[in-house]
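If you're matching them up, the sequences are chains A and B in order. Residue 17 in the numbering used here sits at position 17 of the first sequence, with consecutive numbering throughout. Residue 1129 in the numbering used here sits at position 129 of the second sequence, with consecutive numbering throughout.
Be careful, since some hints might not be right.
Unchecked claim - Each computed DSSO-like pair below joins lysine-lysine, with the alpha-carbon atoms no more than 27 Å apart: (1) K1190(B) / K1117(B); (2) K1117(B) / K11(A); (3) K1117(B) / K1079(B); (4) K58(A) / K11(A); (5) K1079(B) / K58(A); (6) K1190(B) / K58(A).
Derived by calculation from the structure, the hints in this document are not laboratory data. Just so it is clear, the structure is predicted and the values come from calculations on it, not from any experiment.
If you want the building blocks of each chain, they are given just below.
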Amino acid sequence: MAVSREEVMEKVREHLASELEVPVGDISGSTRFREDLDADSLDLYELVMELEDTYGIKVSEEEASRIETVDNAVDFVAAQIPA
Amino acid sequence: MSAEKAAGVTVALDVMGAERGSEAVAEGVRAAVADGISVRAFGLAEALEPLLAIDGVETVQAADWIGNDVEPAATVRAKPEASIVLAAADVAAGRSQAIVSAGSTGATMAAATFALKRLQGVRRPALAIQLPVPGGEGAATVLLDGGANTEVRALDLVQFGFLGSAFCQAVLGVEAPRVGLLSVGEEDKKGTPTVIEAHAALASAEGIDFIGNVEGRDLLARQADVIVTDGFTGNVALKTIEGTARAVADAVRQAARSGPVSALGGLLLRPALGGLREQLNPDNTGGAILLGLRGVAIVGHGSSGPDGIANAIRLGEHTVRERAVERTAELLERAGATRGSLRDN
């Protein structure tokens, strides 16, 4: 599956905006899940599972725990799938 | 319940982890399908064996299952072939309409939450318990959260009030459920900062009948139809009620055996006490329901006997039939009680 980093970024922003009910314009690469979006572990689990389902990747618990910002999530996905 | 009424609803049942074994599960399933409810049963081959000959039951063999002794969320993700994960996926795929499990509460909550997803705008799903209230007529009192969230925010407690109210209307048939907030005093400034903040938000909320704070002694007093609290307090309260009921029952039994006159009194009271025991039997309520999801998930009592299994399946069917999920979503939206709306207010 060839997916650009921009497409992954858009997917993450849309998911977060919908699930957390925040304007998509408030979400950028440097946005922190917990501090800026008030997301908790359940929100992050759902994001990770959405990305796994969408891109056919697998994220371990340890890898998931290191995802703190939108950029972290996008970079992780981009590194798992061919550009 | 007639077979005609139940026709059309299929329940995905995880048969693993029931403390009283697969024969008890099979007996409960047999009673539920006699009402016309279809069941798709998920489990290891040997646990499915007693269900194979039951008409109206389709069995789906799982390669694995999840017990009580693991971290639920990580294990659910790591075991896609576990029975509860397959059952949850079955509902998500639309092959069945409700998950029922008498196994691990944590695994059921995690699998259901991941597969069915939260309702739009719900931050934390909550476990709603129907408290068996002795004496009198009418619906059970609904306590939530019964243990899904040990720590909550005021926003969560407000949402629990709406979730419980919608469930009470849709499933228990209470027209205008009275919602109480569990605290340490009736006054609106009594309680933790979270409870005080939730009280203020609930008092100004539209769409539910908030009656203010209730205390622990009110749990079984029919003061409210819905009692809202955090999962830590709710679980402690629930276990306290169960333990107290058991201790009182033992004390009554001992007192009745303390002498010939007492024994005679005990004999005379036996029919009435038997009826009371039946009222308090947790098997009659069908277990707890996880509210706030886009689908129906029932967590049966681990110690459920055949009646408990049958009633958990019936509760799942009834919840689907009464469109409780859809009605809950409508109430949250209409009342402005979604996550985004509450945060902005």
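Now the hints, each set against the structure:
Between K1190(B) and K1117(B), the direct Cα distance comes to roughly 35 Å. Violation of the 27 Å bound is thereby established for this hinted pair. With a C-alpha separation of about 17 Å, the suggested pair K1117(B) and K11(A) falls inside the 27 Å cut-off, and the hint holds. Taking the CA atoms of K1117(B) and K1079(B), the gap is near 18 Å; set against the 27 Å cutoff, the hint holds. Taking the CA atoms of K58(A) and K11(A), the gap is near 17 Å; set against the 27 Å cutoff, the hint holds.
For the proposed pair K1079(B) and K58(A), the alpha carbon gap of about 13 Å is at most 27 Å, so the pair holds. With a C-alpha separation of about 47 Å, the suggested pair K1190(B) and K58(A) falls outside the 27 Å cut-off, and the hint is violated.
Hints 1, 6, counting from the list given before, are not met by this structure.
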